[in-house]
Amino acid sequence: MRISYNWLKEYVDFSLSPPELAKCLTMAGLEVSNILYLGSEVENVVVGEILSLKPLPQADKLSLCQVSDGKQIFSIVCGARNIKVKNLVPLARVGAKLPGGRRISKAKIKGQTSYGMLCSEKELGVGEDASGIHILPPGCKLGEDIKKTLTLEEIVLEVELTTNRSDCASIFGIAREVSAILGGNLKPPRIELKENGISVFDLAKTEILHPQACRRYTARIIRELKVGPSPSWLVKKLETVGLRPINNVVDVTNYVLIELGHPLHAFDYDKLCEHKILVRFATPGEKLLTLDNEQRKLTEKNLLIADAKRPIALAGIIGGVETSVDQSTRNVLLESAYFVPQVVRSTARQLGIDTESSYRFERGVDVENVLIASNRACQLIQELAGGKVASGVIDVYPQPFSPVEIEFSPEETNHILGSNISPKEMSEILTRLRFNISQKEGEKHLWVRVPSYRNDISRPIDLVEEIARLYGYDKIPSGMPKIEISDSVDDKVLMLEDFVREILTRLGLCEVVSRSLVSPEYYNELDIAIPTGLKGTVEITNPLSREQSLLRTSLLPCLLSVLKWNLNHGVPDMKIFEIGRVFFPGKGIPEEKRILAGVLVGTQEERYWEDSSKAIDFYYVKGIVDSLLGELGIYPQRRGESGIEKSSHFLLEEGISNKIMVDNEHLGDFGELANKVSRKMEFRDKVYIFELDFDKMCRLIEIKKKYKRMSRFPWVSRDIALVAPQGLTFGEICVKIKKVGGELVQDVKLFDVYFGKQIEPGKRGLACKIIYQSMEKTLRDEQVNSLHMRIVEELERDLKVKVRK
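At the far end of the sequence shown sits residue 804, using numbering that gives the first Met the number 0, and the numbering has no gaps.
Simulated from the structure, these hints should not be mistaken for lab results.
Every value quoted in this text rests on a predicted model; they were computed, and no experiment measured them.
Glycine included, C-beta positions come from ideal geometry on N, C-alpha and C.
Check before you lean on any hint, since a few could be wrong.
The calculated SDA-like cross-link candidates involving lysine to any residue, where the alpha carbons are at most 25 angstroms apart (straight line), are [as the list claims (entries may be wrong)]:
hint, residue 1, residue 2
1, LYS107, LYS140
2, LYS621, ILE719
3, LYS756, SER773
4, LYS300, ARG545
5, LYS748, GLU781
6, LYS83, GLN326
7, LYS613, ASN663
8, LYS804, ASP694
9, LYS275, PRO228
10, LYS491, GLY579
11, LYS592, ASP694
12, LYS186, SER67
13, LYS8, SER198
14, LYS762, GLY730
15, LYS423, LEU35
16, LYS235, SER67
17, LYS645, TYR472
18, LYS270, GLY183
19, LYS738, TYR634
20, LYS685, TYR472
21, LYS146, PRO228
22, LYS804, GLU781
23, LYS308, LEU242
24, LYS748, ARG545
25, LYS707, LYS768
26, LYS121, ASN163
27, LYS83, GLY100
28, LYS423, ARG344
29, LYS83, LYS8
30, LYS286, ARG344
31, LYS204, GLY131
32, LYS737, ASP694
33, LYS140, LEU160
Ranges of calculated distance between the beta carbons of each label pair, as one might list FRET restraints [stated by the list, open to error]:
hint, residue 1, residue 2, range
34, GLN65, SER39, 40 to 48 angstroms
35, LEU208, GLN294, 18 to 26 angstroms
36, LEU15, PRO230, 50 to 58 angstroms
37, ASP694, GLN398, 37 to 45 angstroms
38, GLN341, GLU681, 55 to 63 angstroms
39, PHE583, PRO399, 35 to 43 angstroms
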C-alpha cells in the first residue's frame, strides 16, 4: 500500500524524515519495503497547450501537433487519440529527462521532425495509464515546470500490511499508528455536513435480505450535483497513491477510501429501479456487466447489491455499468456498508477480481466507521460537485457493534516477554493505542476495551503483542529460554502408534498418509449403501475447494483410491496401511476417532523370476491382524465366548469376513472387499481390507499380560474332519471344543478347508488338530479318547456338524 508522506502529515504531527519514519513503522510491525521519491527523475518537462492538430500524410495514426509553452511553439509528432486543440499537456522538450533515465532528443518521424514529446501518466511516473496523453486540468500555467504543476516531488512509503492489520489500510490508519508510536497529536478530518430538508426516507428504500453477509448498510442521497473533472489537489493525491482520476464524484469515494480506509460506492440515483436497494445473494444464472466491462456470470454464493429488478453491483468489490455515475448524472445514492470478509473473499477469488475495495473488505473494515466515511464523502461531494444532501441517512444495522473487553495481566505479560515493564507504562501504551483501560478496586489486572477498528484483538496474548511492539522489541532483553527436557516421551498413544507402524512394516506393509478433507462425492465411487452412522459429515466453513469441503468418516475409501491409482500405474502388489483420524458431528465440536486401516492385493511375497509366490487371501490378512494384536497382547479368540464373529461391515463380502470382539466390544473387521465395490472400482484381483478402532486398542494394551507356566508333561493330538454349514465360523467351533475339553484342550489348529464334489452345497469341509495336555500328569490314551468322543458328540448335537470318520 502506498502512503504519501505529505498527506500523512495532514493528520498527525511528527518531525521524522522519511527514512526515520520508515524504520519507526517497520520496528512497530508495519514493514516499509520501499521509499519512492516521485518527480526527482523528471527534468525540462513543462505545461504546454495544443494549438493545432493535423494528420501526417505518410501515417494515418500519427498527428502533427503545434504545442506552445507560452514562449515558443514546438512541432511534435504524436500518436495518441485522446488529445484535442486547447488541451493542456505535459511537454517534454528536447533534452528533457524522464523516469528510468530516458532522454528526449530531436527525431525525424515519417519525414517530419519532432522537437520533443507529449507524455502519458506512466511516462511521467505519476500513474499506470499509458493509453494516452495525460490531460492536465484547466488553469495550469503555461511553461510551468510539470513537477510544480503536478506536485511531482512527492515522497511515497510502500507499506507491506499483514492480513490482520486492516485498520492501517488508510492514511488516517497509519497516522493513528504514528501517533501511538511517537506520541504526536492526531488530527482527524473535520466533517461539516449541510443537509437539505427533504428526507432520505421519502426518496429511497433499503433492505438487507441476508444479514449474516452484510452487518450494516447505509445510504445517503445527494441531488442536483454536477459531475465534472476533479480539482488538481484531488487528482494529485489520487495519482500519488496509484489511483486514476475519473470524475469528481467517483474520485471523492476513492479519496475517502484511501483517507479513512472505508470503501464507498456511488450509484446514479435516477437509474435505480423503484429507487430501491436490496442486499442479497445472486440467483443461479444472473449476470452483471461490471465497471471493467466484463460480463460476470454469478452463482448463489455471490453477494449482490440489487435494485427492484436486477443486480447493480458486486457487494464490496466492483459496481455495475448500468447504474454508474457519468457526465449525465444529476442525483447520486451513496453506499457505505460493512460486508462480511469471508463472503467478499469468496466472490473475489471465484470471479478473479482484485480491487482496492475488495482488498479492504476481505480483511475486515471498521463497522463503526461506516457512517463517518459516508458523511465525509457527502461533505466533499458538496464542496466539489455542489448538490443537496437529503436530510437523514438510511442506516440498516441489525446487530450493533458490541466492544470486546479483555482481562489483562501486566505480571503475566512481563513473564511472557521476559521484560520488566511497569503496569503504569503498559497502561500508557494501551491508552496511546486508544484502548479504553479500567481497573477495579483491589484487583491487579486491567480490563481493556478494544476499539471497533481493531478486529485483530480478541485475546490477552494479542494485547501482549501490542505492548511488545510499542515498547520496542529491541528494548526487551534477549536470553536463552529455560526448558526442562524430559528423558523420554510420556505419550503412550504416540508410542503405540510408532510400535504399530514398526510391526506392520516388519509384516511387509507400507504406510500412507491421505487427506482428512474430502469431497461430498467421497463414497460415490464405491457404489454401495453407506451406513447411517457414516453419512453424518462435518462440513468445513470456508473450504479451499469443493473437493476439500468435508471431514472424512472412514479411511478405507481414501486407501482404496490410493490402491486404484497405483494399480493403474503398473504396481501389481500393494500392501498399505494408515493410522488416521475420522470425524463425526458432535455437540459443539466434531467428535474424533483414531482408526487403523489397511488394504492388500497381489502376492504374499515379492515376485521373483520363478513367480511361485502365493496370492494374498483371507487367511493371510487374518495372519497379519493376529500377528499385530498378538504383539500388542490383545487376544480376541481368548476373550469372551466368541472372539471372532461374522462381520457386517459395509465394505466386506459376506461370508468371507470376520468381526473382532474383545470383552464384548467391537474392535474391528477384516476380510475380502465386497465384490460389488471391486467391480465398480475395476479391480481385477481380489482385494482384502482390515479396519481397527485404534482408540480401543490403546485401552486394551494397558491390560497386564499374564504368563502361564508351561506343562512338564507330553501333549497328545487328535485330528478331526468336519462337514460344517458355511455360515458356521471356525471360531465358534473352537469355542465349543474348548468349552467341552476344558483345561485339557491346549490348542485347536485348522490345517485344511475343502470344497468339493463330496461336500454337499452350502457346506464345507474342515480339518483341524486338537492338542491335549495336562499340567499335572501324563494323559493316557483311554482318557484322551473318551474326551475326544465327547467333543465329537457335542459338536454334532449342538452345532449340527458332521464328523467324518
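A quick look at each hint next to the structure:
| no. | hint | result |
| --- | --- | --- |
| 1 | LYS107 - LYS140 | 29 angstroms, violated |
| 2 | LYS621 - ILE719 | 22 angstroms, holds |
| 3 | LYS756 - SER773 | 40 angstroms, violated |
| 4 | LYS300 - ARG545 | 13 angstroms, holds |
| 5 | LYS748 - GLU781 | 22 angstroms, holds |
| 6 | LYS83 - GLN326 | 19 angstroms, holds |
| 7 | LYS613 - ASN663 | 35 angstroms, violated |
| 8 | LYS804 - ASP694 | 47 angstroms, violated |
| 9 | LYS275 - PRO228 | 29 angstroms, violated |
| 10 | LYS491 - GLY579 | 16 angstroms, holds |
| 11 | LYS592 - ASP694 | 7 angstroms, holds |
| 12 | LYS186 - SER67 | 43 angstroms, violated |
| 13 | LYS8 - SER198 | 38 angstroms, violated |
| 14 | LYS762 - GLY730 | 16 angstroms, holds |
| 15 | LYS423 - LEU35 | 39 angstroms, violated |
| 16 | LYS235 - SER67 | 23 angstroms, holds |
| 17 | LYS645 - TYR472 | 66 angstroms, violated |
| 18 | LYS270 - GLY183 | 46 angstroms, violated |
| 19 | LYS738 - TYR634 | 17 angstroms, holds |
| 20 | LYS685 - TYR472 | 64 angstroms, violated |
| 21 | LYS146 - PRO228 | 21 angstroms, holds |
| 22 | LYS804 - GLU781 | 18 angstroms, holds |
| 23 | LYS308 - LEU242 | 32 angstroms, violated |
| 24 | LYS748 - ARG545 | 52 angstroms, violated |
| 25 | LYS707 - LYS768 | 22 angstroms, holds |
| 26 | LYS121 - ASN163 | 32 angstroms, violated |
| 27 | LYS83 - GLY100 | 29 angstroms, violated |
| 28 | LYS423 - ARG344 | 41 angstroms, violated |
| 29 | LYS83 - LYS8 | 38 angstroms, violated |
| 30 | LYS286 - ARG344 | 19 angstroms, holds |
| 31 | LYS204 - GLY131 | 41 angstroms, violated |
| 32 | LYS737 - ASP694 | 30 angstroms, violated |
| 33 | LYS140 - LEU160 | 39 angstroms, violated |
| 34 | GLN65 - SER39: 40 to 48 angstroms | 31 angstroms, violated |
| 35 | LEU208 - GLN294: 18 to 26 angstroms | 24 angstroms, holds |
| 36 | LEU15 - PRO230: 50 to 58 angstroms | 30 angstroms, violated |
| 37 | ASP694 - GLN398: 37 to 45 angstroms | 41 angstroms, holds |
| 38 | GLN341 - GLU681: 55 to 63 angstroms | 40 angstroms, violated |
| 39 | PHE583 - PRO399: 35 to 43 angstroms | 37 angstroms, holds |
Of the hints listed earlier, those the structure fails to meet are numbers 1, 3, 7, 8, 9, 12, 13, 15, 17, 18, 20, 23, 24, 26, 27, 28, 29, 31, 32, 33, 34, 36, 38, in rising order.
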